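Quick note, the sequences are listed as chains A and B, same order. Going by full-length UniProt numbering, the first sequence opens with residue 1, and the numbers climb by one from there. Going by full-length UniProt numbering, the second sequence opens with residue 1, and the numbers climb by one from there.
I should point out that these hints are in silico values taken from the structure, not numbers from a laboratory. Any given hint could be a false lead.
Distance ranges between label pairs, derived from CB positions [as the list claims (entries may be wrong)]: (1) B:217 / A:48: 48 to 58 Å; (2) B:218 / A:133: 22 to 32 Å; (3) A:53 / B:217: 18 to 28 Å.
Partial list, derived from the structure: chain A residues whose beta carbon lies under 7 Å from chain B [what the hints assert, rightly or not]: (4) 122; (5) 127; (6) 137.
Quick caveat, the model's predicted, so the values are computed rather than measured. Every residue gets a Cβ at the ideal spot worked out from N, C-alpha and C, and that includes glycine.
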Amino acid sequence: MTRFLMADAPVDLNGLRDGLHLAEAGGFCTFEGWVRNSNEGRPVDGLEYEAYAPLAVKEGERIIEEALARFDISHAVAMHRMGTLRVGDVAVWIGVSAPHRDAAFRACRYIIDEIKHRVPVWKKEHYLDGDAEWVACHHCQTAPRASDNAHDHGHHHHDHGSCGHQH
Amino acid sequence: MSPLYGLVLAGGLSSRMGQDKAALTYHGEPQLRNAFDAVSPMVEQCFVSVREAQKDEPLRAGFPQIVDAVDVDGPAAGLLSAHQAYPDAAWLVLACDLPLLDRVTLETLIGVRDDQHVAVAYRSEHDGLPEPLCAIWEPAALEALARQVEEGRKCPRKLLINSDTLLLSPRTTGALDNINTPEERESVSRRLGGQMIRLDVEYFAQMRELAGQKVETVETTFGTVGPLYEQLKEKYGFPFEASRLRVALNGDFAPWTQPLKNGDHVVFIPPVTGG
Chain A
1 MTRFLMADAP
11 VDLNGLRDGL
21 HLAEAGGFCT
31 FEGWVRNSNE
41 GRPVDGLEYE
51 AYAPLAVKEG
61 ERIIEEALAR
71 FDISHAVAMH
81 RMGTLRVGDV
91 AVWIGVSAPH
101 RDAAFRACRY
111 IIDEIKHRVP
121 VWKKEHYLDG
131 DAEWVACHHC
141 QTAPRASDNA
151 HDHGHHHHDH
161 GSCGHQH
Chain B
1 MSPLYGLVLA
11 GGLSSRMGQD
21 KAALTYHGEP
31 QLRNAFDAVS
41 PMVEQCFVSV
51 REAQKDEPLR
61 AGFPQIVDAV
71 DVDGPAAGLL
81 SAHQAYPDAA
91 WLVLACDLPL
101 LDRVTLETLI
111 GVRDDQHVAV
121 AYRSEHDGLP
131 EPLCAIWEPA
141 ALEALARQVE
151 EGRKCPRKLL
161 INSDTLLLSP
171 RTTGALDNIN
181 TPEERESVSR
191 RLGGQMIRLD
201 VEYFAQMREL
211 AGQKVETVET
221 TFGTVGPLYE
231 QLKEKYGFPF
241 EASRLRVALN
251 GDFAPWTQPL
261 KNGDHVVFIP
271 PVTGG
């Protein structure tokens, strides 16, 4: 079953949630990323997401696989949008169910952080003044990730997202 | 300054290649011959570094040899054995698996040698760290390497990192690419022969807009994507340094050093901004 979706149209989120509603699960966490109406002080009208979809799905599935291996969770599903989105639209959706809440929270955080660093998706912002720009990578040097503090950090071999060579 | 001797390292196991790298033919000659002939006119004396078990092997037997006399794994054995045999010499050390090495790369090393540094080496194009096996090692560096090995650390590169090494930027792209696998050998032979391959390069996002197209067929003799990216960056004005990009070959992430083959699908992946 597909656990990572790259969707070029809105997805039925209740349907995704239902697939996570398992008898063994005592808790369920979601993260939704929404298109907001400004970025760095500039009023935003909407967004465009472009993806290298086959590799995005492959890398996204790897992230879900890693989350299932690292955290005591029952199931996890994630969805990332492609195409044109308006303010308020759901850009990314992550759902994790688990026997207990702590693992669900942590896995949810792990998955969104890894998606932001590794999945080949690019965002173009359309501003109210009619301008549009590809967003520069801000997380490369600065933002810590949940996985940076995880106890099993050492097992996780990749560099900081897309910002370095791998050898 | 100390007299400069040459040492061509031919003691490796060639395990990834599956056959003796010193005997592989490039430019119509075994690579050991090419390497020796490149170094010997530039130094007072030149030797081939071999293990005891290799000294009578026909190709190696035709050269002046320094047989390993120091028991340590890896290239440190050759370096320390040469130092033991001629302690007052500085050594121009050269691996024998660098078929793209050119004269200017060696001449530059020798030309910038001075009294202030214990070694001269190039920065790797791949990780920026010193390349120890196309480098000049002064006696002081070899003495320090001997001490480091005694402490259990046998990596010559580590010694150069921790020493006062004069580090140079590469003179020729790819000159220090070592050839360890049959795939790398095929790619470099193609490049030396000027044989073209066709690649499909697919662009996304900002790079797609700058290139003005989604997919482009490129003909190239390059063996890896690094020089190809530099060429395309120049052509289209891509704003990203290669060090900020990842590469995908045929649908999955791949190392920049992966040899290219005809028909490969290439995607350069700029910093991602999803989520």
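Status of each hint after checking the structure:
The beta-carbon spacing between residue 217 (chain B) and residue 48 (chain A), approximately 27 Å, falls outside the hinted interval of 48 to 58 Å. Remark: the range hint 22 to 32 Å for residue 218 (chain B) to residue 133 (chain A) is upheld by a beta-carbon distance near 28 Å. Distance hint for residue 53 (chain A) and residue 217 (chain B): a CB-CB separation of about 21 Å, consistent with the stated range 18 to 28 Å. Because the beta carbon of residue 122 (chain A) sits about 4 Å from the nearest beta carbon in chain B, less than 7 Å, this interface hint is met.
At about 16 Å, the closest approach between the beta carbon of residue 127 (chain A) and any beta carbon in chain B exceeds 7 Å, and the interface hint on this residue is violated. Taken as an interface hint, residue 137 (chain A) checks out: its beta carbon lies about 3 Å from the nearest beta carbon of chain B, inside 7 Å.
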